[in-house]
Amino acid sequence: MAEVVVAGALLSAAFETLFQRLTSPELLTFIRGKKSIDDDQLKELNIKLRRASVLLNDAEERQLQEPAVREWLDDLKDVIYRAQDLVDDIDDEEARFMKERKFKTNMSFRKKMKYKIISSIPKSDKTVNGEIAKILKGLNLLLENEVGRGLKVEDAHENSTTVGGSSKRQPAPWPHERQVHGRNADKEEIMELLLSNDVWGGKIGVLPVVGMGGLGKTTLAQLVYGDSRLKEHHFGLKAWVTVSTDFDIFRIMKIILKQVSPGSRHDSEEPTASQLALNEALKDKKFLIVLDDVWDEDYNNWNVLRSTFGFGTCESRVIVTTRSNTVALNVKTGPIYELQQVSNDHCWQIFVDHAFDGDLNADQRLQDIGRRLVEKCRGLPLAITSLGGLLRSEKDPKKWESILKNHAWKTNKILPSLWLSYSYLPSQLKQCFAYCSVLPKDYEFEKNEIILLWMAEGFLQSDQKEKQMEEVGEEYFNNLISRSLFQRSSTSYKETFVVHDLLHDLAMFVSSQFCFAVDDNKKLKFLTSKIRHLSYNLVSKDCDHDSLRTCLSSKAKHLRTFIGLAQSYGVDRYSLGAGESSPGDELVEEVLAAGRYLRVFSTIASSLPYSLSNLKHLRYLNLSNSGIQEIPGSDCTLYNLQILLLSNCRKLTSLPSDTGRLINLRHLETSRTSLVEMPPQMGNLKQLQTLPEFILSENDHSSSIKELGELQQLVGQLCISGLQNVNNVEDVLKADLKGKKNLSKLVLKWRGDQTIDIRREQYDKVLDALQPHKNLERLDIYEYPGSKFPSWVGNSEFSNILSMRLYDNKYCCSLPPLGQLPFLRDLFIENFHGLETIGAEFYGNICSGCIPFPSLESLTIESMPKLNKLLFIGNDKEGGCYPRLKHLRLVDCPNATGSLLPDSHKIVRLYVRDCYKFMESLSLNHYPSLEELTLCSCDSLKSLPLDYFPRLRRLALWHCENLESLTFPDETSTAAVLQSLNSLELVACYNLRSIPQHMHRLLPSLAVLEIYRCPEIEPFSKGGLPSTLETLTIYDCNKLVAQHGHWGLEGLTSLRTLDINDCKGVLDSFPARSLPVSLTSFRFHGTPRLQKLE
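Numbering (this note's numbering), first residue to last: 323 to 1416.
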């Protein structure tokens, strides 16, 4: 198979980094200090490495079919790892000398370096000379053996190198529609888009079809291309070009020209002549052109081609199939069509066509095995086709069974179908993708999680000094997403990603013996001495720690990565690590003993041995969710540590006092710990980007707030707590929050009851000095003990503020002018005990023509016992105040009166609780757009006309003790007044008697009806409940339950849950025959007289 390798093979990036480090001044200084190593030997090492590097492209392609080449690559990678370890040792010892300056003698710098580095080499190889000699020996063996001599020399730095012939993709078999399964709906959607004029805005429609390799994009485009409706809609010209990796504009134009104008001659080799000829051929014509398998992401190349397409009519269409979202964004003139996997049933049909020639009566044993094989393909038609073709001529069930159990079939047949997705990657991305095989299949990871792992492994390099490694990682990640090598998971509540099973197999193939995810003891036998990156399921019943210890002690002498996993298997990781011991404890010693070269270590162990400090190459330490109570102070000699993750270590109360020595630390994650202070000299951590919480204490030996002044690289969220312990405003100014332009969220917390009035002015000054940079997006202030807010809070110059939370203040008599913030969307104000009025100051000095709170969408005002006046201003302006407000929550403001809001047609969610006086003046009929309404403890409410809320989806009424009825203007009407109401909840409305008696007609979409402690409520009329009801819950409603025979349960064909509780003395029997067959949960509680179900 002919492929194109772009930007070098997998090892190219590793070679490039190694070349740079081997010629660094530090290494050269050291080498010159050793008489046994001369310049000739150093030159030989560089020559041999470069000689090996130019063989990589050929070796990477040939490894698919030649096991000997694959083994050669593995041996070469092992040599490179050893060379990297050597350079790491040298760099580390030089860095330690510069940092610690332990030597008190007058030795020269060179002698100090020589002594320290030689002492760091293993006893079996006491000199760097010996290490380099071993590397040279390994390289010589590889270069001079039969495989090495047979490899072609190719420049690994060229942007594209053709391997094995033409780079053109071979044309796919043209499908018969009846042979294509699972794509009919996709085809119809694409046809609808092609034939529509509305979605293209009067322009030629270019529709990208994007998806990972093997999904069937080409097959789908072929089905559309051959559809007879195109002719009926007068697409007079059609052309198909298989573009592949070679986006040669001249070649593409000539292919199109031959198809749209077959009778004319096209012999010219002049690009401009071909372009003019194609322009003329397409002029004023309606055409369909398919550009299949486009990889080139250069917008300028596409722009040239697009200009030619512009000569056709605006009804013309172009389909572009691609794996790259970047390509799709470049070419689209309307929507992007994202192709998904095929369903299991359709996958089976594809397999039957290719393995059994469509025979559904084939050997049942083969069918059973085949179905299990198809499941492994996870919806990829191309992989299933390859598998079916492999098994088509094989009828022995034993051989099928061996293929099912043996992963080799993936290497021989399935991997080539996805190989192009990998081989086209730049070498930097190849190592990032291959590394993902250290994670188990179906493991869901967050973007930042994998980026930090890449960084710790040294994969993130940039030629631009001003670009941070994290930014490089983000670019790499987005690139892999755009190429469909990572997919967004649909199973997680937060944004996570997953590698498709077949792509995971591809990553395992290219990482070979060096990356491994162990979730089953049987896999341990595949570990070799080449293993560098390992993850292990700490809680799987199929994993035995003793077996792993044996493997670690015998095979993992050069381990770089150990990741202990638990959470991904559906287990609460914190509950595992929170006890006195955890599943990770017994493995820590073995891992550390084998981990002299560890860069990444993740565990939920409840304690750490002091030997951890020996891991001088460690860059990533993840103890999150563990029960650890103390981090050994010796760990602060881990000078290369970049990432320390401690989130959810709830027993951890302090960090080591020497944490400030970890000067390469970039990410310190301490969320949800029990830390009480920060260690001293935190300002030394000048590269720190992640620091979610900075805790101030009374302890003079902890870091004061001024240490923050040195941390100018902080990104994301920063919470400063313990601000009551700040005594010097000058220290606050030195913290320089104004200069931290990369902070997006700032949380400021005071603690305790600050009752000393003499310090009130001091608190005001402290908050004033805490002014952040104007890039800030979110601001939370908790328990501020001052009497007024500084002028920067609410200043319109903070135009990036999107969210603000002000919580718990006893002394402020007014609110800051938050109405001036132009893009504030969410505002939460709670527990302002001294606030009596929300007046004009809240809206600010709004200039003429401006509207206060122009962007606010969500407003919560809660727990203000003294608040007695809510002043609304701005109603005289067009649009009034709060023109975009959608969600309003008013809670526990019992004395508040007045009008806070105008009549709003945009509020969709309203929650009012314990606001007695406010409810008296609230006109509910002015909120026609409400979708959710919750009223709690609203004693003034006696009747609620439901026709006020034609869009209501959820209604909850709690403790409305004077409420008597829910009404409609005309219950006999055949019109459905509340088409959208899905949920109705009534709680402790003791005087409620009347609810709609014809709910089946008036509430036709009702799915949930819950009634609690409404003893006076009248029985449902027979047949009154809607057939859409799925959940019916009745608690302590004796009158209602006594008439259960009139509920018409047998007609509730959607009912799944029926729950009757606390109806003492009412039920003695219940007609089970009336229950619908759809019921899955049926519970009675607190019904002592119930004797039987009839």
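These are calculated hints, taken from the structure and not from any lab test. A virtual CB, placed ideally from N, CA and C, is assigned to each residue, including glycine. One or more of the hints may lead you astray.
[What the hints assert, rightly or not] Capping the alpha-carbon separation at 20 Å, the derived lysine to aspartate or glutamate pairs in DMTMM-like fashion look like this:
1) LYS877 / GLU393
2) LYS844 / GLU817
3) LYS370 / GLU466
4) LYS1188 / ASP1236
[Said to hold, decoys possible] Here are the in silico distance ranges between beta carbons for each label pair:
5) ASN1064 / GLU1020: 54 to 60 Å
6) ARG1206 / GLY632: 50 to 56 Å
7) LYS789 / HIS1248: 50 to 56 Å
8) ASN1064 / ALA1162: 34 to 40 Å
Cross-check of the supplied hints:
1. LYS877 / GLU393: OK: LYS877 and GLU393 at ~18 Å, within 20 Å.
2. LYS844 / GLU817: 33 Å, violated
3. LYS370 / GLU466: 11 Å, holds
4. LYS1188 / ASP1236: 13 Å, holds
5. ASN1064 / GLU1020: 54 to 60 Å: 30 Å, violated
6. ARG1206 / GLY632: 50 to 56 Å: The hint (50 to 56 Å, Cβ to Cβ) is violated, given that ARG1206 and GLY632 are roughly 40 Å apart.
7. LYS789 / HIS1248: 50 to 56 Å: The hinted range 50 to 56 Å holds for LYS789 and HIS1248, with Cβ atoms some 54 Å apart.
8. ASN1064 / ALA1162: 34 to 40 Å: Cβ of ASN1064 to Cβ of ALA1162: about 36 Å, so the range 34 to 40 Å holds.
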